[in-house]
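All chains, full assembly: derive it from the sequences and hints.
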Amino acid sequence: MSVYSMFSWCENSAIGESIRASLWLFPVIESFHLLALAVMGGAVLMVCLRMFGYGIQNAPVEQLWRDTWPYLMGSLVVLLVSGGLLFTSEATKLYDHGAFWFKMASLALAILFTFTVQRKVVLSGNAGPGSSKLVALITVLLWAGVGIGGRWIGFS
Amino acid sequence: MSLLGFCQWLEGQQWSVQLHESLWAYPIIESVHVLTLCLFMGLAVMLDLRLLGVAMVKTPVSEVERRLLPWTIAGFAVMVVSGVLLFYAIPVKTYLNIFFRIKSILLILAGINVFIFHTTIDRKKQEWDLSPVPPLQARVTAAVSLTLWSIIIVAGRMIAYNWFDKQA
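Listed in order, the protein sequences are those of chains A and B.
Just so it is clear: in the first sequence, position 11 is 14 by this note's numbering, and no numbers are missing.
Just so it is clear: in the second sequence, position 65 is 92 by this note's numbering, and no numbers are missing.
This list has only true hints and no planted wrong ones.
Using 30 Å as the maximum straight-line C-alpha spacing, the simulated DSS-like pairs for lysine-lysine come out as follows:
1) A:K96 / B:K120
2) A:K136 / A:K123
3) B:K85 / A:K136
4) A:K123 / B:K85
5) B:K85 / B:K151
6) B:K152 / B:K85
Since the hints were derived computationally from the structure, they do not count as laboratory data.
From a predicted model like this one, the values you see are computed outputs, not experimental measurements.
Structural data, given as structure tokens:
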């Protein structure tokens, strides 16, 4: 089964059909996508700002990571579910959209980097300021790529 | 001059037309407006969660405010500038949009909420700075803030739809 036929199957599924047929389902799902984006941005920035040396200083970065973890995970789940639903409503259009593939590539890299390198550096507790800053910069840039790619999907 | 008249005058301006018709400027400003949500709303949510007593409960409220407020204020400034430019590009249609009007009213309410907080309970912060769960008034402020900003985001997104537009 080719990728395109998989996309086409999603679009013709009952979920894709109902979202397309409804006037308000798409914007409502997109609103949840945006709300979760804001929360996730906050969770990511809390840890990254601290790694840059600008965030909350009197708590160790491991504690900030643990404090924001539920919000990072919760918002990521909402983003993935709402994003998946939005995807099904226009999958074949997205197949031909460069911004969609840019977003998916950034997303894969951002998730991978956050839950391997950043997590390890944060929880090790002994990263130098230079490597902390570099890891924070890469994390922010990867997630920004996801956001910019996502916004760009809307411009076609 | 009525508000509508003012918007019509704005819409006739050369820069407004150029911004509306620009290939890159408008989408870039809109992207900045949406993505700054992460900085402004994201960190405001974190501060609100601390004020609710559900996140970062071991960190003093004063530390959370001191480190986060400069970022949320900077983020808010970017939001206002980019938002004003987006309005300037499409004034009349936006003015007549019900979601824009809802958003405008809620923005004022959110401002009042912040003002009340900073001029009352926040002044006495040394009394509850270390409390895992701040006093009721602080928690109410945070709950009102989270509610208002969530509706503001949804209303902002809905400005793209003209379902209930008034006619000029």
